[in-house]
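The primary structure of each chain is shown beneath.
2 protein chains.
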Amino acid sequence: MQSRTGDSDNIIFIGKKPAMSYVLACVTQFNRNQETVVLKARGRAISHAVDVAEVVRNKFVRDAEVRDIKIATEIIDGESGEKLNVSSIEIVLGKKQ
Amino acid sequence: MQSRTGDSDNIIFIGKKPAMSYVLACVTQFNRNQETVVLKARGRAISHAVDVAEVVRNKFVRDAEVRDIKIATEIIDGESGEKLNVSSIEIVLGKKQ
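These protein sequence lines are chains A and B, in that order.
Quick note on numbering: our numbering labels position 20 of the first sequence as 22, and the sequence is numbered without any gaps.
Quick note on numbering: our numbering labels position 60 of the second sequence as 62, and the sequence is numbered without any gaps.
Simulated from the structure, these hints should not be mistaken for lab results.
No incorrect hints appear here.
Which copy? The list can't say, so a pair holds if one copy fits it or any two copies do.
Simulated pairs of lysine-lysine, BS3-like, Cα-Cα distance not exceeding 30 Å:
| # | residue 1 | residue 2 |
| --- | --- | --- |
| 1 | K85 | K42 |
| 2 | K97 | K85 |
| 3 | K72 | K42 |
| 4 | K61 | K85 |
| 5 | K19 | K97 |
| 6 | K72 | K97 |
| 7 | K85 | K98 |
| 8 | K97 | K61 |
| 9 | K98 | K61 |
| 10 | K97 | K18 |
| 11 | K18 | K85 |
Produce the entire structure from the sequences given, and follow the hints as far as they go.
Rendered as structure tokens:
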């Protein structure tokens, strides 16, 4: 399944940068013959991750498809040490077989 | 699959209200013996929809699980009549069998 560049290379963490920087990262991974690219995001960046997946799939890597989407709740440390629940998403994009 | 209350009852559109109002709507549907509840959201509300699904599943309807998640791009009319692409999500929650 994985290409020779290894397992963790194909995970892209979506944060606050403009969507196009993540789209570019994603396209680069596919061009390096990664078979799948995983987009991960938490909290408000979740909407952003869906935008990135849709732009990649519709505009740049036309033979990519959504293989799997998982949602979960992660517990993170808040600013004053308290525990916070935050939703997360994982979108697996892959080349159509 | 559907209960006697009909097909469209089980769709909840997630917008800008507080998450708990959608959680309540969702719990109400399950209590009316709906087998599945579908959460739909567009744009920034996508993160909100994931939050609602996670709260319902983890806190209120412990025997609910995520059955399916789909993402898509919808074309909507902008304020000055132009066409805008907006990402959307559809999360299907269902009672565990």
